[in-house]
Structure formats: C-alpha cells, structure tokens
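Student: The residues making up each chain are set out below.
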Amino acid sequence: MSRTITENTFNFEVNATAGDARTGTLHVNGTRLKTPNLFPVMNFYAGGTENSVYGGGVHRTMKEFMIGAERVSVDPLTNYFDATMMSVSSLTDYNLTRKRFEAYLDTPIKERELFEPFEGTVFADSGGFKFLNNAEIDGSDFEEDMDQRTVYQIQKQLGSDIIVNLDHPIAPDDSHQERVKKAERTAENIHTFLSLTRDFDGAQYLTLHGYNYSMMNEYLDVITDSVPQGVLHEGFDGIALGSLVPKKDDRGALIQAVTDCREVMAEWGMEDWPLHVLGISSRAIPILAALGADSFDSSTHIHNAINGKYSHSLMDHSPIKEADFSKCDCPVCQSDHLVNWMRGNTEYKKDILGPVAMHNLIVQKRELADIRNRIQQGGEDALVDYFEETFGRDRTMRQFAHQVVNQSLGGYF
Amino acid sequence: MKKSPKVNEVNEFLEIASDFEDPLEVIRESLSNSYDAGASEVKISIRNQPEGSDIIIEDDGHGMNERDLESFFDLGNSRKTDSIGYKGHGTKIFYKSDHIEVTTVRDGKSYRAVMEEPWEKLNRKELPKYELTKHSVRSGNSQTKIKITNFRSGKGFNAEELTYNKIHHYLKWKTIAGSLAHKFGEFQREMDIIVELDEDIDDTRDKLVTTNRLELPEEQEEPGDGRFPAERMCKHYPAEEIDVEYDGGETTVQIVGMVGGKKARNELPTYGKHSSQFGVWLAKDHIKVERHNEAISHDNEYIHFFFVANCQDIELSANRETIRNKSSSVYQAVTEEIEYYLSKVMQDPWFKEEYLQTRKEGKHRRRMANQQSSLKERRERIEADGFNPANSSEVLLGLERAVNGNASLTLSVEDFQPDADVHAIVRHAGRLRNAAVHPTLTGLLNEEVPLENVDLAVCWTQGDPAELKEYERNGYIGGELSVQLENGALVYRDGENHYTEVIEVKPLLESKVSATADD
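For the record, the sequence lines run as chains A and B.
Residues 602 to 1014 (my numbering) make up the first sequence, in order.
Residues 986 to 1504 (my numbering) make up the second sequence, in order.
Certain hints may be false.
[Said to hold, decoys possible] In silico lysine-lysine, BS3-like type, Cα no more than 27 Å apart, as pairs:
#, chain 1, residue 1, chain 2, residue 2
1, A, K782, A, K848
2, B, K1337, A, K848
3, B, K991, B, K1119
4, B, K1140, A, K849
5, B, K1258, B, K1311
6, B, K1132, B, K1119
Just so you know, these hints were derived from the structure itself, not from any lab.
These figures come from a predicted structure and were not determined experimentally.
Can you build the whole structure from these sequences, using the hints too?
Tutor: Printed below as a string of structure tokens:
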C-alpha cells in the first residue's frame, strides 16, 4: 500500500500490519518518520532570547537536550525528536511584542543555526483548540488578527512539514446546532486554507471532529457542502482527528472515536491517509495504535514532570523523589550531572524538571519503538503479548485492552 | 526457662470431627482417598440405622501399609504433600461413629485395624485406640474396605434425607466426581463411582453409577427460537493453564468454564440453591471450594458464568468449605490472574455481541408482546368505559380535548412538570396561571398541596363529596377550607384568603358529547 501525494514532498507508505494496527513511513520534505509515532509538543519560542535557546521553562531544557547544549552535557538527543508538534497558538500564550513576534518568525526553525542538529518532522497545529470555549485566538499583543490567513502564514514561516487548517473543535456538551455551526466555520477556513496552500511544500492534514461515526460523517457532509470532495482529496494528505482532549481519560470514547474515524475515512476514500490523533498520548497510545492511528502528539511528558512524576513505562510512574535513576539506562539517567539536577541540586526549577520531562519522553518514544517492532513481526501475537504485559495488572485499563484485542487484533477465543 | 505450648489431643480430635456433620462429607473424603490410592472403582453403601448411618467404602486401589494406616488414624500426619488431604484432617470424620474397621491389602500383606467407640471415648475425654493385625496374603489383590458403624450426622443431615438424586448432584459439585481436570489434556485416571443406598433411604433405583468427570453442557453458540432465544446458548472457554508469580514463589492456575443461558446451566448438576452455584469457583484437586464472583465485573451478572479455577496452592479450612490462606500473596496473585482471565471472557465478542445481545433482543420482543397485550386491555377498557383519566397527564389531555370542542374556553397548557406540586402553567384568557392537576380534587387535598400559589385546580371530577366536607369541617394544613363548587372555587384561609379556581374536566367533555348527540 503506497501512495504519492505530491512528488518528493509527501509520501506515506504502510509496510506492515497486525490486525488493524499498522507501521509505516511518513516522508515529508526530506524528513522520514516511522509510524506509529509520537510528536512531543515543543515550544520553539516563548519568552526567551537566543542565549536561552528561544524559550522558557521546561521547554527550554527540552530544546537544550535536542541540540545537545553545553549546559546539559549530553550529545544531541535527536533520536527522540524525529517528530515535534508546535502549536501556532502557543505564541499567543505570552505577551509578545510585535518586534519579538517578527524576530521569532524571520527564519524557519530548521534553518536556524542554533537548531542545526534537529532534522525531525515539524507538525504545526493551527491552535484551533483555543476556540473550544467559543473564544477567539487573541493575537492582540503582536497586533495580528489570528485568522486562517495569519495562522497559515505563521505555519509557513516556522518551516512546518505538516500543517492543518484552522478548525473549530467541538465540546462534549455542544448542541447539534453548535456542532454544525462550528463545522461550517471550519469549512470556511478550509476553503481559505486550500486557496492559500497551493504551493506549500509539506503535508496538509484535514481536521476532523466528532465522537462517533455519525458526527464525523456529518462533519464531512458539512465541509463538502462548501468544498467539493474531489478538492478535499486533492488538497489534503492526512487526517488530524481533534476534539478528543476532553475525553482523554474516557478510553471507551477514544476507542469508539478512532474506530469510527477509520470507518469514515474508508468510506470517504481516505483509508490510505495517515491518521493523527491530536492531543492524546501516554496510556492511550498502545490502544489507539492497535486501532490503526498513525501518530499522536502530547505534552504529558512535561506535565508529568511538572506534577512531580517520573515515568517507568507508559502505565507507571512514581514521585521524582522516590525514583531510582540507576535503574534506567536512558542518556538522562545515565548522566551524573543530570541525575544531580533531578535530585534537586540546581538553582532553577526548570533544570530539575527538564531532565525528568526528557526522561519521560524517552520512555514514551521507546515504547512506541517497541510497538512498531511488534507490529512488524507479522501476525498479531507480539502486539497481543504487549497488551498482556502492559495492561495485565491495571484494572482500569484492561477491559479496554481486551476490547481492542478482540476488536482489532483477532481476539482471544 | 523455655516452655513448649501444649495441645490437648482429645479436644483436637473432637474439634476436627465435629466440623463435619453431613454424611456426604464422608463420601467426599473417601473418593479423594480412593483416587489417591489409584483406584479404578470405588463403591459406597449407606444404610440407615437408629443411631446414625452405616457406611461402607470399598475400592480397588493400592491399599494401605502400616504407615498409611497410622496416617489414617493420626491427626496432622498425612503422607500427602499438596493434594487436598495433606493436613490429615479428612479421615477424622470417621471418628464420629461407634466403630471403625479398615481392612486393606498391600504388597502381599493384609491389615485389619479396628477402633471401638471412638465418638463415645472422645466425649469421655479419652483418646480412642485402634488394634492392628497383620497377615500375609498372595500379592496382586490390593484393595481397601472401610466400614463405619453408626456415623453421627448433624441435625438435618440424617441418612434418611438422602436420595440418589441429591447424592449425584453432591458428587458432581463437591467431590472429585465433579472434576474438570480432563479438560486440561493431562492424564486423568478414570474412576467409576458406585453408590448404593439402603432401600429405606431411596428405593427408586438399585444404585448410582458415575465417573470422576464433570461434563459441561454441549456448546450451542447460535440463538434458539422462542421467547427466550439465549436460554440454551452456551460456549465453552478453552482450558488455560497459567503460571503465576507471586511474592515468594510461583504457582499454576488451571481455569476452564462456560458461559450460558438458563437452560444450558440447568443441564449442570448443582448442589443447594441452583442460582447460587454459578459464577467463578476456586478449586483444589479440581474440587470446587469457594466462589470468587468478584472476578466478574459488576456490569455483568455472575449467573451466566460457570468457571472453575484450580490451584494446588490454595489452602483449605479444616472442614474444607472455605479457603484459609486468603491473606497470602499466592491467593492474591491467583485471584488477580482469574480476574484478568475473566475480563477477557467478558470482552469476548461472542459474549458481548452475540449472547448478551440475543438476551437483549429476546427481552425486547417479550416487552413488545407484553405491550401488545397491555395495549389491548387498555383499548378494551376505553371501548367499554370511555375516557377515564388515571393520572394528572391524562387529566390535561382531557382538558385539551374539552378546549378543542369549546371555543369559549380559552385555555392552553404552556408547561408541565409531573413531579412538581403545581404541575402546570396554563394560559387562561391571556394570563399565565399556576395549575395543580389531579384526577380528583380530593386527591389534591390528600396530597396536602399548599394552595397559596395554586391559581387553578384542574381535576377530572371532584371525588368523594363526603371527603371534601371533612376538610371543611376539620380544616386544611392549619387553615380553614371552604369548598364552593357552585362558584367553581376553593377558598383557603390562613389569616389571608387564597382563592383557587376549580376546573372539573369531565362535565366539560360531557356537555360537548351531549351537544353533539342533540344535533
């Protein structure tokens, strides 16, 4: 199964399947990404100067790991940054002046000397989730109207490899009328997006919103009222399934959404497209991968660190203070210098938490590598074994794991 | 100075023997011993006697030697290691009798051990002794015969209560005769079990003959026809042997079972209350001991499941009815493993999407049929008696009909809350008014609805006039009530006057009907 969307700029090929799960390779703009994979959320800007690697807090330390900055004293951990997610709207989280805003955008990320070791795929989200409560994206500090045109301009200036249209995500308690209205507003953005992105050199993902088959199908019906189906097929290369963050802890809802999304994609002739699930990670990853999702993004590695959690696996973490760093062979825990930081021996909190966040990300990325490896082994057994080993002792998760094994991996009996 | 705690031997024997009351427990014990002795056939006869039961157990197993006989009579000196009788408690059941006689042949020697008056002596605080005699016999004739005279049943466990049917179910449920070991593909020796009851006890047949196997009802994955389409559905789940690690060791759980409807389950023998037999059983030597229905999530009723999880590392209480080592890590690990296995079964598409769905569909069809018959009855009632509201919603329906047929009645229902005191907001002559709606006016008063905020009382009829008079005579919620139906009103006085207009719906409809008839 292989399809070339635009010569030399985007290609997604599936090279192995196990039940509904699949591994593949996503080629975009010369980057090459194995799937299923996780795009950690990175803030390439936010409040800093070049001396502080453009960014503040834990994000700054993450970037230092990425490029192997002297402060962290490790080789660049580019392996774990084969993909990154940058949200356009994160620019609006800080009170940026117009001048700083323009400075940030004047050179694409990967063309900056500073980020020279970084060659990963950059996915730039439109920031539509900021609309969740019907708010507007407020770019008043840097005097920009944050509409589809501006969002695309920023996505382009970042040097993004994958972009999505500006969307209006739904909320669980939205009425039918509200959902339709949001779909209509998104359709307007898609219209604009497609006319703006004709010369874009990366991949364009279409946002899809809904919690079940009927909602997603209706969403596409509304979209195709303004943008003909043929144009959607020409203009887009993948699906970005959104609106699931409020349901991130409801595994049953996630399973239904991804299962139904695959069905809708098949019926709308998009079955060969890669499927990205926006904002979901951690414990849900193996489940969603088994259902056939190809990529995810998340900042849980950072949030967990901020909440004092040190990961042992996707399923398991302990308080940082109780962590036995000697039991982990990741480059962070192998470094005396960084272990010293994680034990609290540094001036800044970000330097305590940054290495923990990096370690947490490594745990997630390694598990994904394991999942890919199991899918590639042929048959479903290796992946079923993963579910057995990973979820067996977790009462809250196992019924969903068993559901997925039965539904997508051939079943037990 | 160090001192050793002492044990009163007599009391120990008394205690252990007293734990057993049911003569069937003698059978359970004997079958396990015979199986362990390699028997291919065991025969048990029970005879009812005025003082108790005479029980004879004969098997063709390898017999007992002198050391085995010591274990037979000793307490806590079993030669078994991990099987069910390892504590050496079981045969002490036999002490609850007047006479124990064991004749056994092993390795060319015949032994006879006799114990007289064990129960009486124990109760006299005297340790009973047995006399052992030994002879040489020709080899190749190994066997054992145990004769218990006047076994004392507990109250309600007399031999006369026994029937072949009861014994059969007991055997399959509580003894090695109900073993599912054969499901695990391992060699399980066949053993024929023959039970003979005295004719005084049950004369419906000569004897009961069975084996040491429990067979599950035949599989039927497809639904049946009829009102209960899932009742005979049945699926077997393959025997699974799971190695379980726990803090301090490793053990094995063997689990096998079925999911099935009521009719399929009825094909299983049971002992005791039928419905209380299903769910998940923990077993040792494949003999079911205690249920662990917590393994089945609350979303599912345990009644559909019959699973037996065998583990040789569970330990039993003295009377073998419960598990003793529940606080151990092995029990913890075993039950967790069982819960995990059952979670897979509960997520099995056959169970979720076929069986439960079929039950749901059957229920739906039965509901529909019930609805049909109930609707038929309701329609017949209307044909016979006409419209007669039974609740406030129906009163409002009547009101609407009255309004439709009477242009001068300018009233419409704008809002209706069945659970509120004041059920409806109605628009009457352009104004919104608060209405309490009841089939009868007396019903409204019986419910003690505060009248202060009630502008309108809408009712089908006034109800019992005598009851209304009683309210006028005795008062209503601390105030006075005046029923002025001729003015179409209730007046309630509690210092202030509250005026509630009364609309009776039935007369409004009747006038409409009679007008139509006059035309």
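Student: With reference to the structure, classify each hint as holding or not holding.
Tutor: Hint check:
Note on K782/A and K848/A: the hinted pairing holds, with a Cα-Cα distance of about 21 Å set against a maximum of 27 Å. Simply put, K1337/B and K848/A have alpha-carbon atoms about 24 Å apart, close enough for the 27 Å limit, and the pair holds. Of the pairs offered as hints, the one joining K991/B and K1119/B is violated, with about 34 Å between alpha carbons and a cut-off of 27 Å exceeded. Distance check on the hinted pair: K1140/B and K849/A sit about 60 Å apart at the alpha-carbon level, beyond 27 Å; violated.
Between K1258/B and K1311/B the CA atoms are separated by roughly 25 Å; this keeps the pair inside 27 Å, and the hint holds. For the suggested pair K1132/B and K1119/B, the alpha carbons sit about 18 Å apart, so the restraint of at most 27 Å is met.
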